[in-house]
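If you read the sequences in order, they're chains A and B. Be aware that the first sequence starts at 1, since it is given in my numbering, and climbs by one per residue. Be aware that the second sequence starts at 259, since it is given in my numbering, and climbs by one per residue.
Don't take each hint at face value.
[To be verified] Below, in silico cross-link-like pairs of lysine-lysine (DSS-like), each with a Cα-Cα straight-line distance of 30 angstroms or less:
id : chain 1 : residue 1 : chain 2 : residue 2
1  : B       : Lys330    : B       : Lys536
2  : A       : Lys137    : B       : Lys266
3  : A       : Lys76     : B       : Lys512
4  : B       : Lys420    : A       : Lys76
5  : B       : Lys621    : B       : Lys512
[Unchecked claim] Per label pair, the in silico range of CB-to-CB distance:
id : chain 1 : residue 1 : chain 2 : residue 2 : range
6  : B       : Glu478    : A       : Arg161    : 52 to 60 angstroms
7  : A       : Glu133    : B       : Met386    : 54 to 62 angstroms
8  : A       : Asn165    : B       : Tyr403    : 36 to 44 angstroms
9  : B       : Ile603    : A       : Glu130    : 48 to 56 angstroms
10 : A       : Glu133    : B       : Arg482    : 44 to 52 angstroms
It is worth saying that the hints were derived from the structure and are not from the lab. Glycine included, C-beta positions come from ideal geometry on N, C-alpha and C.
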Amino acid sequence: MNRINQLFANNSKNILSIYFTAGHPELNTTVELIQTLEKSGVQMIEIGMPFSDPLADGPVIQQSAQKALANGMNLKELFQQLKDIRKTVQIPLLLMGYLNPVMFYGMENFCRDCQQAGIDGVILPDLPMEEFEAEYKTMFEKYDMKFIFLISPQTSDERLRKIDNLSNGFIYMVSSSATTGAKGSITTTQTDYFKRVNALNLKNPLVVGFGISNKETFNEVCKYANGAIIGSAFVRMLDAAKDWRKETEEFVRGIIGK
Amino acid sequence: MSYFVDEKGYFGKFGGAYIPEMLHANVEELRNNYLKIMDSEQFRNDYQYLMKHYVGRPSPLYPALRLSELYKTRIFLKREDLNHTGSHKINNTIGQILIAKALGKNRIIAETGAGQHGVATATVCALMNLKCIVYMGETDVERQYPNVMRMKMLGAEVVPVKSGNKTLKDATNEAIRDWINNPLDTHYIIGSVVGPHPYPDMVSKFQSIISEEIKWQLKEHTGRELPDYAIACVGGGSNAIGTFYHFLDHPEVKLVAVEAAGMGVETHETAATIARGKLGIIHGSKTLLMQSPDGQITEPYSISAGLDYPGIGPVHAHLHDTGRAMILNATDEEALDAAFELTQIEGIIPALESSHALAALKKLKFGKDEVVVVTISGRGDKDMDTYIRRMEGS
Ligand SMILES: Cc1ncc(COP(=O)(O)O)c(C=O)c1O
């Protein structure tokens, strides 16, 4: 069974997932960062594939992508770095990025190399549902690669149901109408939206992302979902860290520690 | 073969709407409504009224006799430079501001490179009393200071974009991000035939007024509606598709799109997207774009700030792919030569962008009775610094 399905098999709650950009803070920190995150108790990881024009991202992730590209990260390098990752890491791993570099690499090559590296799922925010279904769905199935769709407060109920039907992993519930970036507390507009989505009783688990930054916001959104993804707040910590291994452990403990 | 958009938003294999889910509702609202609004009597009346009394249309189709003599053919210049605000960009912003009003939006965002589209957007926002925010790369803010001040005088907020390379593509990214963050009250006035469907089609339709006028004006001048050649420069491609639109289904009209070669198509310093680009996704559209060997979008170069966009409108990728349009390019030097030539023999100072279209005259062989239409997309006032440097240098 795909590791994503395993993770959510028992309707698990409070799943912490972390996003970071591959090649940031340094070109070769990717593998060790993944290992450190797993050891610290993170249950799923999104590995960002840096892109020159990340139009769904706020400043923190934009800058991490720029640094990663300057460090020399690209898809070939990333697959090279990840080739032995399954010898040491068990939790689900996803690649997240934008369509252009993946198209350039070739979608089939990409899916095949993901499978070989032991990647479980892919998030490409600028590949819309309609195009995915028409062009790539069968290819993703062939390589047992889960394609994870985003939903937003503007997504209609009808569209939510379609996305639910096409999904088989989890649904990425974008927390508000916004690009990525840490925000303050969770508003009632947001919880109303979470409730609306919950009321649809979708078959897929929900994971909330964008704007989750600390223990409070993590716990709050987990009331309405199976888990949450922290990106910008973690990347910002990495940017400032003197000892990123130690501070990564502390960061994760700060979210899910007792 | 169709050269128009299909029901899925594609021109052949190019186009579509590759946008994150957060933008789906905005784009869907526009897609569901733009044709309906444009077909309404109210819209048509308002658009025609403003085109005539505010923009100053029809723009002249000028028989350029001395230029014709020089190239031994019959050359007509479509004078978009004489429009209010100095370029064809206003045809689109007038159309889109009326769409925005019909959709009940009260906040307008736009991207700009050279500042022409920013000025045209700030202008219609002043006219319609709508809030206007223009994203402009920090590098361009410094390079295009007079246009920045024009936008500010018109009441727009100009936001210098510090991300990426700090130029047009980054300004476009930032405008898209703004739209993601303000999905309900905001309309994004994109400046060319780029972006997700329906933008390329909608902007084409607004610019199609150029060839609509050419047809009847040419008939008045020559007794025939169709030219042998229609020539225009391409950045994103809006003045070019406007120039081609009503001739697309007349194969006897040769369509010539001129890209900016910068220092030369074979160099790294170029903006010749069709010549050098590869298939990919930029700003929500599947089209040709300039990219690195691992699919990162690269920064183009041209002396003309309005042509250095790393992508190309999907309709032009299709016109190239099908062989319907001939794609030429002109270097910085060739464009400058053409600008001075036109200025000195016809008394018209063209924009640097338009000078690329004029430079194509040297690259084609015309019969002496053939009819050639060249679109002068804008006037050269904004480029005086570059022209002055050229005069002082030689
Ligand atoms: C005068 C003029 N011509 C042409 C262009 C290029 O745009 P497009 O290819 O969309 O006509 C610009 C863009 O700023 C412009 O200002």
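Here is how each hint holds up against the structure:
Pair hint lysine 330 of chain B plus lysine 536 of chain B does not hold up; C-alpha atoms about 37 angstroms apart against a cutoff of 30 angstroms. For the given pair, lysine 137 of chain A sits about 18 angstroms from lysine 266 of chain B by alpha-carbon distance, which is consistent with the 30 angstroms threshold. Restraint check for lysine 76 of chain A and lysine 512 of chain B: the C-alpha separation of about 44 angstroms exceeds 30 angstroms, so the hint is violated. Restraint check for lysine 420 of chain B and lysine 76 of chain A: the C-alpha separation of about 29 angstroms stays at or below 30 angstroms, so the hint holds.
At most 30 angstroms may separate the alpha-carbon atoms for a hinted pair to count; lysine 621 of chain B and lysine 512 of chain B meet this at roughly 14 angstroms. A beta carbon spacing of about 58 angstroms between glutamate 478 of chain B and arginine 161 of chain A agrees with the range 52 to 60 angstroms that was offered as a hint. Glutamate 133 of chain A and methionine 386 of chain B have their C-beta atoms about 40 angstroms apart, which leaves the hinted 54 to 62 angstroms range violated. At about 53 angstroms, the beta-carbon gap between asparagine 165 of chain A and tyrosine 403 of chain B misses the expected band of 36 to 44 angstroms.
Judged by the Cβ atoms, the range 48 to 56 angstroms given for isoleucine 603 of chain B and glutamate 130 of chain A holds: they are separated by roughly 53 angstroms. For glutamate 133 of chain A and arginine 482 of chain B, the hinted distance range of 44 to 52 angstroms is satisfied, since their beta carbons lie about 48 angstroms from each other.
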